[in-house]
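Participant: Sequence:
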Amino acid sequence: MANTLVIAEMHEGKVRKSTQSAINFARQIGAPFSILVPGPGSKAAAAEVTGFGAQKILAADDAYLANGVAECVAPTIAEVAKNGGYDVVVVTASSFGKDVAPRVAAKLGAGYVPDISGVKNEGGKLSFRRPVFAGNAYGNCHVNTPVQVVSVRQSEFSAAEPTGGASPIESVPIAAKDPAAERVSFLSMEAAKSERPDLGEARVIVSGGRALKEQFSTLLDPLANLLGAAVGASRAACDAGYATPELQVGQTGRVVAPQLYIAIGISGAIQHLAGMKSSKVIVAINKDPDAPIFQVADYGLVADLFTAVPELTAELKK
71 MANTLVIAEM
81 HEGKVRKSTQ
91 SAINFARQIG
101 APFSILVPGP
111 GSKAAAAEVT
121 GFGAQKILAA
131 DDAYLANGVA
141 ECVAPTIAEV
151 AKNGGYDVVV
161 VTASSFGKDV
171 APRVAAKLGA
181 GYVPDISGVK
191 NEGGKLSFRR
201 PVFAGNAYGN
211 CHVNTPVQVV
221 SVRQSEFSAA
231 EPTGGASPIE
241 SVPIAAKDPA
251 AERVSFLSME
261 AAKSERPDLG
271 EARVIVSGGR
281 ALKEQFSTLL
291 DPLANLLGAA
301 VGASRAACDA
311 GYATPELQVG
321 QTGRVVAPQL
331 YIAIGISGAI
341 QHLAGMKSSK
351 VIVAINKDPD
361 APIFQVADYG
371 LVADLFTAVP
381 ELTAELKK
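Numbering-wise (my numbering), the sequence shown opens with residue 71 and increments by one.
It should be emphasised that the hints constitute simulated quantities derived from the structure, not laboratory data.
As the structure is a computational prediction, the values presented were derived from the model and not from experiment.
Mixed in with the good hints there might be a few duds.
[Said to hold, decoys possible] Simulated crosslink set (SDA-like; lysine to any residue; CA at most 20 Å straight-line):
id, residue 1, residue 2
1, K350, F364
2, K347, E271
3, K84, E118
4, K195, P216
5, K168, K388
6, K152, K190
7, K84, K152
8, K388, P292
9, K347, S225
10, K152, S104
11, K126, S225
12, K190, S165
13, K126, G100
14, K168, G138
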């Protein structure tokens with residue numbers, strides 16, 4: 071395996087921390103790697119990732135790549151990968167990564183393995199491990215095309231730590247506009263503003279289920295504020311309108327792996343467990359002693375959450 075190209079994700083002029091999961095992947099396969107930062111302001115943002123041991127940082131600094139529209143960004147990624155002779159193109163499996171990676175693979179005629187949870191380099195042949203059946207089983211696969219495109223689960227590849235040094239930064243031109251991009255227009259982004267950490271990057275998550283009902287925010291927000299935690303929710307809580315959709319954790323929501331995950335009033339449906347069971351420490355509070363959540367919890371409290379959560383919050387305040 072000769073070279074790996076890590077695709078950085080930009081947001082508001084900065085490189086998202088989630089990019090470090092893709093860097094971790096590149097380190098694990100043991101090949102030299104470079105990092106491509108696409109988007110306006112990427113020359114300045116590239117400085118954020120110069121200390122991770124990359125051979126070089128490539129900045130495609132152009133307003134045309136703003137807002138991460140996949141139809142606009144994919145041609146440049148594919149062009150850089152082709153011209154640079156990269157064998158592996160990797161991106162974190164965020165919304166951006168899942169959108170852009172298949173398009174890049176198609177342009178390169180490359181095999182694509184999404185959402186992987188592990189990788190092995192077996193004498194230069196890469197073996198990818200990925201979950202199937204909502205994480206109840208895992209499959210191992212190989213890609214036989216000369217170029218391989220991969221998206222990695224942030225919950226399985228921890229954020230890479232800086233190694234020191236300073237990788238050189240080079241500017242790269244954007245590719246010719248793709249006809250597909252002419253049929254796509256970016257209108258606006260409606261993002262929830264919060265002082266709390268992003269779910270995908272939080273060290274602590276306090277997550278609630280439908281059992282909280284209308285008191286979802288009343289009970290969880292004070293606890294989350296004390297812990298400096300992000301707030302998550304089960305799909306049932308989101309569907310019932312007690313929590314907003316962007317808070318959903320699970321197979322069809324965000325896949326997370328914080329240091330501490332506190333599940334309150336969540337029964338533990340298989341779809342929810344698929345999104346959080348890789349958390350380092352899981353604490354569950356539920357009045358049902360047979361709730362499936364207790365099967366994956368490190369600590370479990372069988373109690374009425376409407377009593378237990380205020381008491382826990384009060385004790386933490388002390």
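Participant: What hint numbers does the structure not satisfy?
Facilitator: Per hint list: 5, 6, 7, 11 and 12 violated.
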